[in-house]
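Asks: Put chains U, S, G, E and Y on the given structure of chain P with help from the hints.
Order-wise, the sequence lines are chains P, U, S, G, E and Y.
In the working numbering, each number is its position in the first sequence, counted from 1, plus 1.
In the working numbering, each number is its position in the second sequence, counted from 1, plus 1.
In the working numbering, each number is its position in the third sequence, counted from 1, plus 1.
In the working numbering, each number is its position in the fourth sequence, counted from 1, plus 1.
In the working numbering, each number is its position in the fifth sequence, counted from 1, plus 1.
In the working numbering, each number is its position in the sixth sequence, counted from 1, plus 1.
Some hints here could point you the wrong way.
[As the list claims (entries may be wrong)] Derived DSSO-like pairs (lysine-lysine); straight-line CA-CA distance at most 27 Å:
no.: 1; chain 1: U; residue 1: 50; chain 2: P; residue 2: 107
no.: 2; chain 1: P; residue 1: 50; chain 2: U; residue 2: 169
no.: 3; chain 1: S; residue 1: 169; chain 2: P; residue 2: 169
no.: 4; chain 1: S; residue 1: 79; chain 2: G; residue 2: 169
no.: 5; chain 1: Y; residue 1: 107; chain 2: E; residue 2: 169
no.: 6; chain 1: E; residue 1: 169; chain 2: Y; residue 2: 50
no.: 7; chain 1: U; residue 1: 107; chain 2: U; residue 2: 55
no.: 8; chain 1: E; residue 1: 50; chain 2: P; residue 2: 169
no.: 9; chain 1: S; residue 1: 169; chain 2: G; residue 2: 107
no.: 10; chain 1: G; residue 1: 107; chain 2: S; residue 2: 50
no.: 11; chain 1: G; residue 1: 79; chain 2: S; residue 2: 169
no.: 12; chain 1: G; residue 1: 169; chain 2: E; residue 2: 50
no.: 13; chain 1: Y; residue 1: 79; chain 2: Y; residue 2: 107
no.: 14; chain 1: Y; residue 1: 79; chain 2: E; residue 2: 169
no.: 15; chain 1: G; residue 1: 45; chain 2: S; residue 2: 169
no.: 16; chain 1: Y; residue 1: 169; chain 2: P; residue 2: 169
no.: 17; chain 1: G; residue 1: 50; chain 2: S; residue 2: 107
no.: 18; chain 1: U; residue 1: 79; chain 2: P; residue 2: 169
no.: 19; chain 1: S; residue 1: 45; chain 2: G; residue 2: 169
no.: 20; chain 1: U; residue 1: 45; chain 2: P; residue 2: 169
no.: 21; chain 1: U; residue 1: 169; chain 2: S; residue 2: 169
no.: 22; chain 1: U; residue 1: 50; chain 2: P; residue 2: 169
no.: 23; chain 1: E; residue 1: 45; chain 2: Y; residue 2: 70
no.: 24; chain 1: Y; residue 1: 169; chain 2: E; residue 2: 50
no.: 25; chain 1: Y; residue 1: 169; chain 2: G; residue 2: 169
no.: 26; chain 1: U; residue 1: 169; chain 2: P; residue 2: 169
no.: 27; chain 1: G; residue 1: 107; chain 2: S; residue 2: 70
no.: 28; chain 1: Y; residue 1: 50; chain 2: E; residue 2: 107
Worth flagging that the hints you see were computed from the coordinates, not collected in a lab.
There are 6 protein chains.
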Amino acid sequence: MTAVRKPARTVAKNRPDATKRAPPAGRNRRGGKASRAAAGDDTKITALKLRPAKLTPDMAAYFKLCEEKLGFVPNVLKAFAFDMAKLEAFVAYRNDLMQGESGLTKLEREMIATAVSAQNQCYYCLTAHGASVRYLSGDPVLGELMVMNYRAARLDQRQRAMLDFAVKLTVEPWMVEEADRARLRRLGFSDRDIWDIAAVAAFYNMTNRLTSATDMRPNSQYHAQARSPRAHID
Amino acid sequence: MTAVRKPARTVAKNRPDATKRAPPAGRNRRGGKASRAAAGDDTKITALKLRPAKLTPDMAAYFKLCEEKLGFVPNVLKAFAFDMAKLEAFVAYRNDLMQGESGLTKLEREMIATAVSAQNQCYYCLTAHGASVRYLSGDPVLGELMVMNYRAARLDQRQRAMLDFAVKLTVEPWMVEEADRARLRRLGFSDRDIWDIAAVAAFYNMTNRLTSATDMRPNSQYHAQARSPRAHID
Amino acid sequence: MTAVRKPARTVAKNRPDATKRAPPAGRNRRGGKASRAAAGDDTKITALKLRPAKLTPDMAAYFKLCEEKLGFVPNVLKAFAFDMAKLEAFVAYRNDLMQGESGLTKLEREMIATAVSAQNQCYYCLTAHGASVRYLSGDPVLGELMVMNYRAARLDQRQRAMLDFAVKLTVEPWMVEEADRARLRRLGFSDRDIWDIAAVAAFYNMTNRLTSATDMRPNSQYHAQARSPRAHID
Amino acid sequence: MTAVRKPARTVAKNRPDATKRAPPAGRNRRGGKASRAAAGDDTKITALKLRPAKLTPDMAAYFKLCEEKLGFVPNVLKAFAFDMAKLEAFVAYRNDLMQGESGLTKLEREMIATAVSAQNQCYYCLTAHGASVRYLSGDPVLGELMVMNYRAARLDQRQRAMLDFAVKLTVEPWMVEEADRARLRRLGFSDRDIWDIAAVAAFYNMTNRLTSATDMRPNSQYHAQARSPRAHID
Amino acid sequence: MTAVRKPARTVAKNRPDATKRAPPAGRNRRGGKASRAAAGDDTKITALKLRPAKLTPDMAAYFKLCEEKLGFVPNVLKAFAFDMAKLEAFVAYRNDLMQGESGLTKLEREMIATAVSAQNQCYYCLTAHGASVRYLSGDPVLGELMVMNYRAARLDQRQRAMLDFAVKLTVEPWMVEEADRARLRRLGFSDRDIWDIAAVAAFYNMTNRLTSATDMRPNSQYHAQARSPRAHID
Amino acid sequence: MTAVRKPARTVAKNRPDATKRAPPAGRNRRGGKASRAAAGDDTKITALKLRPAKLTPDMAAYFKLCEEKLGFVPNVLKAFAFDMAKLEAFVAYRNDLMQGESGLTKLEREMIATAVSAQNQCYYCLTAHGASVRYLSGDPVLGELMVMNYRAARLDQRQRAMLDFAVKLTVEPWMVEEADRARLRRLGFSDRDIWDIAAVAAFYNMTNRLTSATDMRPNSQYHAQARSPRAHID
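Chain P extracted, bound-state conformation (with noise of 0.2 Å):
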C-alpha cells in the first residue's frame, strides 16, 4: 500500500528531537509524583473499550516506523486499531494530506491544524500539533500562540489570511463565499493551496469531534517536546 507507505517514511525521519526527548520524560514521569492529571493516559487511550484488532503487516510496519522515529506510536493510531479497515483509511487520508505534495509547508498545514483545534477546544489535537509547530518552526512561542489565540501571532498577511480563512470554515463554514476565496487569491493562494487550507482546516474539525467524542488521551510526550527555540524544519 504505497500511499500509506511513503507518508510514513516521511512521519519517520521528521521528528529526531521527539525521539531523543520522550525517554527522559517518560522516565521523570514514572519516577516522580504520578501527575494528577495525566493519569490514565498511559493505560486507557480513550473511554470507549474497544477490542484492538490484529495489525495488518502495513499496518505493523507503519507503527514500528513509529516507535523508532517518533518514540511512540501516536495515540489517535491505536485508537483506530481496533479494525484495520478504519485504521488504513485513517492513515492513508491524514498522510496524503499532511505529508503528501501541497504549495503550504507542513508547518503552515499544523499551523491550520492546531489554530481549528483551538476554536473546537480540542485537547489532544492542540497537544500533538501544538507540539508539530513548535518542532517544524523551532519557535516554541509560536506553538503556544497557535494554540492560544493565532491572531496575536506576528504573522505575514499571507499566512494570517490562511489561518482566517480556516477558522472561519469552522465557526461558520454557511457564511464562506467567493469574497473569501478571492481574498486568498490576491495574496497568492492558487486554487489548490485553497483546496489544501479547506482540506486541513476541514480534517481536524473531523478529528477534533472524533477525540473529544471518545475522550482520547496524547501521548504524554508531547507535552515536553520542542520547547526550546531551535532552527526551522520545514
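Replies: Using the frame of chain P, we list chains U, S, G, E and Y on its own:
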C-alpha cells in the same frame, strides 16, 4: 484495492429509484426554462479551477458503476478527481464509514449526516444526504425533518439520543463528556456504536466544510429523488 | 371584512398545481406504509388541546376557498381557529402582508419567509414557504436553497441584499442600522420596500416562534408540491 | 370595527398617571437644554420616509382616544399610518393579544413583552413596555428588572417559568419541545395560557424587529412614566 | 490613604440631586405597598453570608462621606466590607479609574460602564451606572439608551467608536486588534485614552461578574434618580 | 504600603525554578535564530506608547524583588508603570486576591485564572497563568489542560464545580443564579470561598480584556517554565 471496490458495489445497488428518476428530471430541466438558482450546477462543480487527473483503473471502474446505478457520478467525487491519491483516500474512508459493517443502519448513518449538515447549513450535503434519507426510509417527510429541524421528528428515544449526540458534537464538541456517552449506553448503544456515531458526525463536519469552502454544487438529480412515500429499504 | 376576503381570493387562484398534486399524495400516504416521522400530522395539528370555535361566516368562506383551491386548509389556520378574533386578526395581517400591494414580488416575500425560517429552524414554516418558493418560482432548487443556505443561491445583488437584511434582522436585530438601510437604497429599494422587507422578516420571526412553541405540524401535502421545474408564476 | 374600538377603550382608561405626568415632562424638555440623545424623537419617528395616509374614521377615533387618555399617540401607530390596511391589521392583532381575554394578566403580558425585547435589545419596545410594567405593577423596580435581566427579579416559580419559556422561544425557538410545555402545565398554566405566552413572545419578536429595522423612536413621554411606587393595577 | 480619600471627595460633591431625591423615595417605599421585586434589597445585599468586618478609619470616613453626599452607601462597598484589604483595594482601583485624571469625561466613563454592563445583563451595574449617566448628562434618555441599546443613541462618531471598542472588548476580546486601536486614534483618541477606554470596559467586565455571581442588589434609591432632564454636569 | 509589600514577598519565594530556568532560556533565545512569532516581545510590551513614570519607592522595591526572584518583571507591571496610582492599585488588588488568605489554594486560583483566560483566548494571561499552574502543581499537563479545555482534566468534583462556576460566570454571567451557588456549597465551598472563586474569575475577565485591548506581550521566559513534572508546591 479491495477496500474501495467493495463499498462501491454497495453504493451501486443502492439506488434503483435514483437511476430511473434521474433521466426525466434531466430532460425536464433542459427542455424547460433554465433555473436561475441552479444555473452552472452542471458546468462548474466547484469555485476552484482544478484540472481533472486521469482516473486510475479503480476509480474509473467506480465512476462507471456510479453512472450505471445512480445515473450520475456524485459531484464530490469529480471535485476530488484532480488528484487520484486524494480521491482514493476519500472514497475508501467514506465508503467504509457509510457502507461498512456497523451497529447503525445505513439510514441512521444518513440521518446523522443530514442532521449534522443542517447545523452547518451545508447546501451540498443537505441535498445529497437529505435525498438518501428519503430514499432509504421511503419517508420523504423524514428527509425534510432531518434538513429542517431533527428535533421536530417523531423519533424513538434511541435515535433521538443518537442525533442529539451527533449535533452536540457538531456545535460544541468541547462540551461532550462521559455523561453524554453514558446516555447512549443506557439506550442500548455499544461502545463501537458510539464510535460510529461520532465518526459519522465527525466526517460530515469535514465534508460540510470542504464543500462550503469550495462552493461545491450538488448534482441536480438529487432534488427530485425519492419524493414519494415508499417502502423502507435499509 | 374586505381586507380578509380579498387576499383570500388571491390565495385561492394561487395554487392550481397544489390542488392537483395533493390528492394522489394523500392516497399514496394512506395506501402505503405509514410514515413514522409524519405520523400524527393529520390528527393532531399542535401539541396544545384547544377546542375549535365555530367559524364566523367570513372564516368559513375562507376555509372553503382554501379547500377548493389548495386542496386543504393550512394547519396554521386550523390552529388559530379556537378563537375567531385571533384567527381573523392573523388572516388579515398575514394576507395584507403577503398578498397585498408591494414593490416586492410574492416570490420575493416567500423567499424572505423561507430564509428567515431557516435561521429559526422552523419545521412548519420551512415546509410551507419552501413549497411556495418552489411553486412561485417554478424552480424547485431555489426552494431548497432558501431552506438550506440562501447564501449558496446564485441571486442578483438586489435579492441577495434583501435576504441579507432579513437574515441580519432575524439573527441580530440590535445591529441593524442606517448603513444597512442605505445599502438597500443603493440597490434600488424604496423606503416602502424596506418597510416591506422588514415587515415580512419580522412576521415570520413571529410565526416561526408560534409554530415552534406549539409543535405545529405542516399539512403533509406541502412536501410533494412543486418538485418539478416549471414556468415562473409570480 | 368593534375589535379595534373595544381594546382602544381598554387602553384609554389604562393610564391616568401617564396622562398627568406627560405634560410636565414635555415642558421640562422644551424649557431645558435639548437632549442630544433624544434629538429628533419628536420630528422623525422612523428612518423611513413614508407619507402618512388619511386616517380612516376608525383609526382617527382611535388616535383621538390615545391622545385623550395617554396624552399622545404611540409612535408605532404613527409609523404604520402610511397604509390604513396595515395599521388596522396591526391594531386589531395587537389589541386582541394584549387587551383581550386571557389567563395571563395584562401585567404578565407586558412582562413577557419586555423580557423578550431585552433579548433583542430593542430600544423602542423596552421603553414602551418597560413603562407599562412599571405602570401596571406600580413597582418601578420590576420594570427595570424586566429590561435589565428578568432572572434577577424575585418572581414566583410560575411567573419565572412563563418568562423562561418566552425567552427560550426568543433565543432558540428550535429547541422548544414538549418538556418545556410540560413544565408550564405542571405550574398551573392551561394549554390556552401556553398559547398566549407563546403568542405574546412571538408578537414582540415581530415588533422588536420592525422597530429595529426602521430605527423607530419611542415617544419621549414613556421615559418618566410611573417612576414612583404605587398601587398595583392589573 | 490619599488615593482613596481624594476620589471620595470627588464622589461627594458629585450628586446633590441624589441626596435630595433619595429620602422621599425611601419614604414612599416604606409607606406604600412593598414592592415584590425589590423586596429584600435593603436587608440582604448579596446572596452570600459574609460577616462585615470593622471598618478602618479611612473606610469609615469614606462611608460617612457617601451617606452625607449620596444619601446612602453603595451596596457594592458594603458587599466588600467583610474584608478591609479587599474593600480598600477595590475603592482605590475604582476611584482612580472613574474619578481620576483622564482624557475621557466622567460621563464618558459612565457611558462605557453602562454599555458594557448591558452586554453582560448585569442588574446591579445597569441600575447604578444608568443612574450616573442620567445624572451626569442631565439627559434621562441617554441613560436609558446605554442600558437598552447604545447603538440607538444619536452619538457623534467619536463616542460611538469609543463604545464600539468597549463592547467588542466585552463580547469578543480575542478579536480586538491593531485596526480597532487605529480607528480610535483616527477619531482623536490618544494612546492614553485608549488605555482608559480599555481599563473602564475591563473593570466593569469584572464588577458585572462579581455582582452577578453574588446576586448583589443595587440600592433602591438609584431607580428614581435623575429621571428629569436637567443641565449637563460632567 | 504593607498591603503591597507583603504579597510581593510571597511572589518572591514562589518561583525558585523560574529563577533558575529563566537565564538559560534568555541566552538560548538571543544566541539562536530569532523567533519570528516572539519578535518584539522584549522591545515593545504593548501596542500603546505610554511613557513610563518614575517608580515610587514601593514600586521600585517591588520590581527589584521580581527581578531577583522571578528573573524578570512581569510585563503587565511594566505596562501599568506609566502611572503610579494605577500601578499601585493594580498590584494591591491583584496581590490580595491571588496571594492573600483564602479557602482556595494558590494553585486553585491559578487554575481559575487560566480556565477563564482560555474562554477569552487571552494570549498574555494564558501564557503567564498556564506557567503558574505548571509551576505550582508540578504537573505540566495540568497547565496544558487549563489552557486547552479544562473539561478534559481529571479533576475531583469539587475542583470541577469550581471551574464550571468560573467559566459560566465568564461566558454567560447573566445566567448565574442561586442553583449555581448551591452546587458549590454542596461540594463544601463556604460563602467566602464562593466570593473568592467569583472574584478571581471576575478579575481575569478584567485583565484578559486589558491585555487584549493593548496587545500586551507576555515575558518570553514564561514559555519554558516548569515544563518538567516535579513536586507539588502550593
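Asks: Tell me the hint numbers this structure goes against, listed in increasing order.
Replies: 5, 7, 8, 9, 12, 23, 27
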